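Chemist: Here is how the chains run, residue by residue.
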Amino acid sequence: MAGVSLSNIIKRYGAVQVVHGINLEVAEKEFVVLVGPSGCGKSTTLRMIAGLEEISEGDLLIDERRMNRVAPKDRDVAMVFQNYALYPHLNVADNMAFGLRIRRMPKDQIATTISETAAILGLTDYLERRPADLSGGQRQRVAMGRAIVRHPKVFLFDEPLSNLDAKLRTQMRAEIKRLHNRLGVTSVYVTHDQVEAMTLADRIVVMNDGRIEQVGTPMELFNNPVNTFVAGFLGSPPMNQMKGQLTETGARIGSAEIKISGAMNGDAGRDVIIGIRPEHVTLEPGAQTSVLPIELDLVEPLGSEALLHARFGDDNVMFKTETHGDLSHLSGVAEVHIPASRVKIFDAETGNALSLGG
Amino acid sequence: MVEEHSTATQSIQDNVLQAREAAPLHSDGKMVRLLDHFKREWQLYVMLAPTIIWFLVFLYKPMYGLQIAFKDYSIFRGVAGSPWVGWEHFETLFSNDQFLRAIGNTIKISALNLIFGFPAPIILALMFNEILNARFKKTAQTIVYLPHFISSVIIAGIVITAFAPTGGIVNVILGWFGIDSIYFLTRPEWFRPIFVGTGIWQEAGFGSIVFLAAIAGVNPSLYESAVVDGANRWQMMWKITIPSIMPTILIMLIIRIGNIMEVSFELVILLYQPATYSTADVVNTWVYRQGLQSGQYDLAAAAGLFNAVVAFVLVMTANTLSRRYSRTSLW
Ligand SMILES: Nc1ncnc2c1ncn2[C@@H]1O[C@H](COP(=O)(O)OP(=O)(O)OP(=O)(O)O)[C@@H](O)[C@H]1O
Ligand SMILES: [Mg+2]
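In order, the protein sequence lines correspond to chains B and R.
All residue numbers for the first sequence refer to the working numbering, where the first residue is 1 and numbers rise by one.
All residue numbers for the second sequence refer to the working numbering, where the first residue is 1 and numbers rise by one.
For the record, the hints were derived by calculation from the structure and aren't laboratory data.
A quick note: this is a predicted structure, and the numbers were derived from the prediction, not measured.
Among the hints, erroneous ones may be present.
[Said to hold, decoys possible] FRET-style restraints, in silico, Cβ to Cβ:
1) R:Met-237 x B:Gly-122: 29 to 35 Å
2) R:Phe-136 x B:Asp-63: 48 to 54 Å
3) B:Asp-314 x R:Val-46: 56 to 62 Å
4) B:Thr-112 x R:Ile-255: 43 to 49 Å
5) R:Met-237 x B:Ala-132: 20 to 26 Å
6) R:Met-237 x B:Asn-163: 55 to 61 Å
7) B:Thr-112 x R:Ser-326: 30 to 36 Å
8) B:Arg-103 x R:Ile-255: 35 to 41 Å
9) B:Ala-132 x R:Trp-42: 34 to 40 Å
[What the hints assert, rightly or not] Chain R regions said to be covered by chain B (calculated; three or more residues, Cβ under 8 Å):
10) 212-225
11) 240-250
[Claimed, not checked] Every beta carbon over 10 Å from chain R, so not counted as near; a handful from chain B, in silico:
12) Asp-74
13) Leu-164
14) His-192
15) Glu-295
In this text, a Cβ means the ideal position worked out from N, Cα and C, and glycines have one as well.
Construct the complete structure from the given sequences, taking the supplied hints into account.
Modeler: Quick look at the structure:
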């Protein structure tokens, strides 16, 4: 029931339009992640849902109710900010109780809520401390606690982990996921980190320049990106994108013939972009593979895997391969093999996907 | 075993490093290091110089003359040549009714200033902060800053005119309500309210700048978070703005307490008259009359010294209390 629905949401600052008509349905209990490059309008969209920014055009519904003109406090949403927004003069308990006191919840009820939430978040020993005396991860948890105690219909997160170091970020990411599984509150989460998006999301919304590029589950987006932007944005390292042409039987990059699967709706000779994920190539030929001759530049060992930086014609390409604990067999690599089923074809002009794979 | 070994090596390495670092300190000594520092950062010292010179010339050099508070001073014998008289001048001071009255007046006026004058700029700043219309805000700010830039002589002139018995705006308005004209500035009971009020009018606006700056420094997402939590503007002012600027408020309060004996001397001189001495004469004006007008420099110096010692004790106390109870202090 407590879903969020955005239809044709537009945001203008004066004459400048920064969000150009967004349509999105967030189902109840769903965890949706908005992801995209800096300045693409993620925060603006989230803040419109929270009521911190006015909606220029379009309709926002929370729990079936139109919220465009409803004050933030009456939307029953809770927001976690990137810089935590903790009150420096209040201790952890008072920070968490702030919203409840404002709403005049009875004292004993506040006390039980705080202690329950503190227990969930592992903050019980820190309730008397001021934010200045906490570590980054603990502050982050307090910020979450302040949202949780309100029992809102919707959680809104604006890059809540981006001020943490990499290790803590991984840890907190898992905690957020666990918390969501436990509380089951509809959540909209903004990040520019695609790994965070992939790991947390039920569905990912990829935004670019004030528009939604694609919405889908992490694997849908990974396997079937609708355009080169989404293909390049998700996945690490990103998908290799090389200029090429369609042929009668498949495709061609420079002199290399590439086998593809699925029916092509373009003519032979058409300019296309051919996409191959770094982890999808093999070093040995297989049943339905094509050969891509490369000039190996650099081998970066990551442990169980290694990154191969290479050149193919004018393109810099990158591949990921298993090491099996040994790098010696990688130094002489002169060609990689591309499984036909993994090849993505995009229109060279529009960047839109031409095949949806096989 | 391996770990033990490595920690041992580690601590040996640490010791070596420490020893290496410590060695030059001992051989060089403080002076050399200071000189080194001076050579490296001389530009900073050059920038600091005018302030230090100002302090030396205008605050430290005159201190030499303070000794006349303990001497029977005459201009002809000079500071050094005048004979010592010990605490005689202080005894004279504390048996002088006018001086004791001046201390009482100083304290009363300062107390009123603190009670009404100190919160005024804070309240103004909070009010400005609530004004949403940018143009109205700017205009209002300019109007309240203005009196600060007008000389006290003119301020006093305006006040004297406004409170004049005939034609003064205050008495004209009182006349509308059928109240007889009052010659405010000759009435001792009116001096302090008029004086404190004038001070607020003159300085509250300008004083609010410090607090506005402090308010501008508050993290905006605190307010956003509070909005989402359901706080209204009043609650945000009490629960976020005021606690956030409390360190600034305390610092300003400490400074203010340090200046408690320094009632704005020019303005008193400009507004008081013999008829109102009973409530208006403060230590500084008394010192001025005794010292410069009656030529009792030694007695005036003793009074001035007393003033300074009281101010010093007050500011130390305020600072210590503030540091102990709010972790905020001037030094
Ligand atoms: N108050 C404002 N006035 C004018 N333009 C604004 C304002 N706030 C944001 N913008 C513009 O709106 C666009 C979207 O901003 P937004 O903060 O939503 O980006 P974002 O996707 O959250 O980026 P980031 O990842 O850097 O946080 C940006 O181009 C920004 O310059
Ligand atoms: Mg943002």
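Chemist: Work down the list of hints and note, for each, if the structure agrees.
Modeler: Taking the hints in turn, this is what the structure says about them:
1. Under the hint 29 to 35 Å, the C-beta atoms of R:Met-237 and B:Gly-122, about 34 Å apart, fit the expected range.
2. Distance hint for R:Phe-136 and B:Asp-63: a CB-CB separation of about 39 Å, inconsistent with the stated range 48 to 54 Å.
3. Between B:Asp-314 and R:Val-46 the C-beta distance comes to about 57 Å, which sits within the given range of 56 to 62 Å.
4. A beta carbon spacing of about 45 Å between B:Thr-112 and R:Ile-255 agrees with the range 43 to 49 Å that was offered as a hint.
5. The given range of 20 to 26 Å is respected by R:Met-237 and B:Ala-132, whose C-beta atoms sit roughly 23 Å from each other.
6. Range check, R:Met-237 to B:Asn-163: about 28 Å between beta-carbon atoms, so the 55 to 61 Å window is missed.
7. Roughly 31 Å separates the CB atoms of B:Thr-112 and R:Ser-326, a value that falls within the hinted 30 to 36 Å.
8. Between B:Arg-103 and R:Ile-255 the C-beta distance comes to about 40 Å, which sits within the given range of 35 to 41 Å.
9. At roughly 37 Å, the beta-carbon separation of B:Ala-132 and R:Trp-42 lies within the given 34 to 40 Å, and the hint holds.
10. By the rule of at least three residues with a Cβ nearer than 8 Å to a Cβ of chain B, the coverage given for the stretch 212-225 of chain R holds, with 5 such residues.
11. Given a C-beta distance limit of less than 8 Å, the hint that chain B covers the stretch 240-250 of chain R holds, as 4 residues qualify and 3 suffice.
12. Consistency note on B:Asp-74: stated as away from chain R, yet its beta-carbon is not over 10 Å from all of that chain's, at 8 Å minimum.
13. The non-interface label for B:Leu-164 is consistent with chain R: the shortest C-beta to C-beta separation is roughly 17 Å, beyond 10 Å.
14. At roughly 18 Å from the closest C-beta of chain R, the C-beta of B:His-192 stays outside 10 Å, upholding its exclusion from the interface.
15. B:Glu-295, annotated as away from the interface, keeps every beta carbon of chain R farther than 10 Å; the closest lies near 44 Å.
When held up to the earlier numbered hints, the structure conflicts with 2, 6, 12 and fits the remainder.
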